[in-house]
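Asks: Starting from the known structure of chain A, arrange chain B on it as the hints suggest.
Chain by chain, the residues:
Protein chains: 2
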Amino acid sequence: MISYKEKYNEYLTGFDSLLEDFCHGLNCKPEKLAKSLKYSLKSGGKRLRPVLMFAVGELLGVERKKLSNFALALELIHTYSLIHDDLPEMDNGDYRRGRLTNHKVFGTGNAVLAGDGLLNTAYSLLFGECFKGNDYVSAAKFICDCAGINGMIAGQSADLEHENDECVDESVLNFIYENKTAKLLVAAVVVPSILCGGKYYAELKTFGSVLGNLFQLTDDILDVEGTFEQLGKSTGKDKAEGKYTGVRLYGLDGSKVRADVLADKCTGILEKFDGDISFLKDLVQFVRQRIF
Amino acid sequence: MISYKEKYNEYLTGFDSLLEDFCHGLNCKPEKLAKSLKYSLKSGGKRLRPVLMFAVGELLGVERKKLSNFALALELIHTYSLIHDDLPEMDNGDYRRGRLTNHKVFGTGNAVLAGDGLLNTAYSLLFGECFKGNDYVSAAKFICDCAGINGMIAGQSADLEHENDECVDESVLNFIYENKTAKLLVAAVVVPSILCGGKYYAELKTFGSVLGNLFQLTDDILDVEGTFEQLGKSTGKDKAEGKYTGVRLYGLDGSKVRADVLADKCTGILEKFDGDISFLKDLVQFVRQRIF
Numbered sequence: 001m002i003s004y005k006e007k008y009n010e011y012l013t014g015f016d017s018l019l020e021d022f023c024h025g026l027n028c029k030p031e032k033l034a035k036s037l038k039y040s041l042k043s044g045g046k047r048l049r050p051v052l053m054f055a056v057g058e059l060l061g062v063e064r065k066k067l068s069n070f071a072l073a074l075e076l077i078h079t080y081s082l083i084h085d086d087l088p089e090m091d092n093g094d095y096r097r098g099r100l101t102n103h104k105v106f107g108t109g110n111a112v113l114a115g116d117g118l119l120n121t122a123y124s125l126l127f128g129e130c131f132k133g134n135d136y137v138s139a140a141k142f143i144c145d146c147a148g149i150n151g152m153i154a155g156q157s158a159d160l161e162h163e164n165d166e167c168v169d170e171s172v173l174n175f176i177y178e179n180k181t182a183k184l185l186v187a188a189v190v191v192p193s194i195l196c197g198g199k200y201y202a203e204l205k206t207f208g209s210v211l212g213n214l215f216q217l218t219d220d221i222l223d224v225e226g227t228f229e230q231l232g233k234s235t236g237k238d239k240a241e242g243k244y245t246g247v248r249l250y251g252l253d254g255s256k257v258r259a260d261v262l263a264d265k266c267t268g269i270l271e272k273f274d275g276d277i278s279f280l281k282d283l284v285q286f287v288r289q290r291i292f
Numbered sequence: 293m294i295s296y297k298e299k300y301n302e303y304l305t306g307f308d309s310l311l312e313d314f315c316h317g318l319n320c321k322p323e324k325l326a327k328s329l330k331y332s333l334k335s336g337g338k339r340l341r342p343v344l345m346f347a348v349g350e351l352l353g354v355e356r357k358k359l360s361n362f363a364l365a366l367e368l369i370h371t372y373s374l375i376h377d378d379l380p381e382m383d384n385g386d387y388r389r390g391r392l393t394n395h396k397v398f399g400t401g402n403a404v405l406a407g408d409g410l411l412n413t414a415y416s417l418l419f420g421e422c423f424k425g426n427d428y429v430s431a432a433k434f435i436c437d438c439a440g441i442n443g444m445i446a447g448q449s450a451d452l453e454h455e456n457d458e459c460v461d462e463s464v465l466n467f468i469y470e471n472k473t474a475k476l477l478v479a480a481v482v483v484p485s486i487l488c489g490g491k492y493y494a495e496l497k498t499f500g501s502v503l504g505n506l507f508q509l510t511d512d513i514l515d516v517e518g519t520f521e522q523l524g525k526s527t528g529k530d531k532a533e534g535k536y537t538g539v540r541l542y543g544l545d546g547s548k549v550r551a552d553v554l555a556d557k558c559t560g561i562l563e564k565f566d567g568d569i570s571f572l573k574d575l576v577q578f579v580r581q582r583i584f
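Each protein sequence line maps, in turn, to chains A and B. For the first sequence, the working numbering assigns the number 1 to the initial residue and increments by one for each residue that follows. For the second sequence, the working numbering assigns the number 293 to the initial residue and increments by one for each residue that follows.
Chain A on its own, in the form it takes in the complex:
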């Protein structure tokens, strides 16, 4: 039987080969703009969102080819959000995925444009899909709304607004987790459902949301006890910057208990599905441990 690692790797290399082709065709002037887009797109990363999309697609019987541009668009959106999030006046990150952040290499002005460019290019890809019919339009609009001002951008805005708050309010923390992090994971798992008539739509939406919350909580835990090598970015930043984190609210041990509860909840949802859920079940555990 194919192991979890082999399967993850199969999804990952499948996506990376798509991305490689996409980057090959990504030409624009000035050269520096094209270079900066490719620098951030090709900086490795777990490709968690595309992998999730492919895995759910396989579970639902949606062929990977049908998902390709949705997976690419989602990864472009995720990458733009990292570039803008790392800007000096946002999270001020110097490293991402083990390499210097985009603005450290290309300058802040160019990094703003690189982010804008990736976001715009994602939607150009998705408009291209919209010619294929209304299910495709629905899937594209779903991604757009998850990424938008009632989704990821709202979460980032709340994250910024509540920096240095003295106390952590649980409802605000939930809002940030849900929007900043979970919404794009929801998009990843719901798109295959939309493309096959809405199968398990509600369950997948909840699954993506809980998994996203788990992902952010383990991120917060690793910011305290992880290493640069493990995360590819500097640790200990949350506390230094007065960030809203689960660790601040629940403590380190409390966060771990809570993470286990969220992981169990994910598994519980998966068990309602027909078909082979073993990969997704393992994935939940690996998100819990943050080993991919």
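These are calculated hints, taken from the structure and not from any lab test. Certain hints may be false.
Straight-line C-alpha distance at most 27 angstroms; calculated DSS-like pairs for lysine-lysine [claimed, not checked]: (1) B:424 with A:29; (2) B:529 with A:32; (3) A:32 with B:531; (4) B:424 with A:65; (5) A:239 with B:321; (6) A:29 with B:531; (7) A:205 with B:321; (8) A:104 with B:497; (9) B:497 with A:29; (10) A:237 with B:324; (11) A:199 with B:424; (12) B:424 with A:237; (13) B:321 with A:66.
Replies: Chain B alone, transformed into the frame defined by chain A:
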């Protein structure tokens, strides 16, 4: 007969009432994010792109209702581009449309997110249009590509890259004018054509491009001889920042001669059209004089 001014005002108030309704429905958390989006959207402005779209629509017999969300989306995209362009590490503008720029009021981090939010919201509106059929998808994708990495973003990137170049290269100047400024005007005039089966498609594309070049050239002229009151933003910035401008290449008098040539070219294209072109002909002259 209705005067040019009355007609412009009619298009403008029509659009502003659409925008007012749109802003009324624009709700998101945190409150600050919603406020910053509305601050920039409702800061007045000439609304040149929506006015152009409505005027061309009227010429081609495309009803305004059909164009509403395209006009809104285009103005959202234009507004996002101004917010990001005004950022300290880009053009570093303190005033826009006579008021403090977004980042001066809400901070740089929030202004990055406000721009992202407007861009994303524009595309959410356009995906909503895509359910209506492939002409709508084509029009939406056309706007997206005009705004993208082979359009406006490429122009802004080139503008940034060539800041402080010692000499002005005409091909680079043309690239900046065409992409940074003209592409969104092209979108404004081509969308109505796409929505009625491509009538005058090629002519309108050229018209938008020449008009956009004219617009940017008069902008450069006014940066030298205009006033804050006239422009709603600080003047004399281009020279101080070593910007690529028509005035640097052609001189002030040479730029005026060239602007007249471009205006004549616009009028020449319009004269090929059937129907009442009087408003658009006047508009060209007002763009030449920069009085709306």
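Asks: All hints are to be evaluated individually against the structure, with a verdict given for each.
Replies: Each hint tested on the structure:
Pair hint residue 424 (chain B) plus residue 29 (chain A) does not hold up; C-alpha atoms about 34 angstroms apart against a cutoff of 27 angstroms. Under the criterion of a C-alpha separation no larger than 27 angstroms, the hint pairing residue 529 (chain B) with residue 32 (chain A) is consistent with the structure, at around 25 angstroms. Distance restraint check for residue 32 (chain A) and residue 531 (chain B): the Cα-Cα separation of roughly 24 angstroms lies within the 27 angstroms cut-off, and the hinted pair is therefore satisfied. Our distance criterion of 27 angstroms between C-alpha atoms is met by residue 424 (chain B) and residue 65 (chain A), whose separation comes to about 25 angstroms.
Distance check on the hinted pair: residue 239 (chain A) and residue 321 (chain B) sit about 24 angstroms apart at the alpha-carbon level, within 27 angstroms; holds. Of the supplied pair hints, the one linking residue 29 (chain A) and residue 531 (chain B) holds, its CA atoms being roughly 24 angstroms apart against a limit of 27 angstroms. Taken as a hint, the residue 205 (chain A) and residue 321 (chain B) pair is honoured in the structure, with Cα atoms around 21 angstroms apart against an allowance of 27 angstroms. Among the hinted pairs, residue 104 (chain A) with residue 497 (chain B) is inconsistent with the structure: their alpha-carbon atoms are about 38 angstroms apart, more than 27 angstroms.
Taking the CA atoms of residue 497 (chain B) and residue 29 (chain A), the gap is about 21 angstroms. The hint holds against a cut of 27 angstroms. The hinted pair formed by residue 237 (chain A) and residue 324 (chain B) meets the criterion: a straight-line CA distance of about 25 angstroms does not exceed 27 angstroms. Restraint check for residue 199 (chain A) and residue 424 (chain B): the C-alpha separation of about 24 angstroms stays at or below 27 angstroms, so the hint holds. The straight-line distance between the Cα atoms of residue 424 (chain B) and residue 237 (chain A) is roughly 47 angstroms, outside the 27 angstroms bound, and the hint therefore fails.
Taken as a hint, the residue 321 (chain B) and residue 66 (chain A) pair is broken in the structure, with Cα atoms around 34 angstroms apart against an allowance of 27 angstroms.
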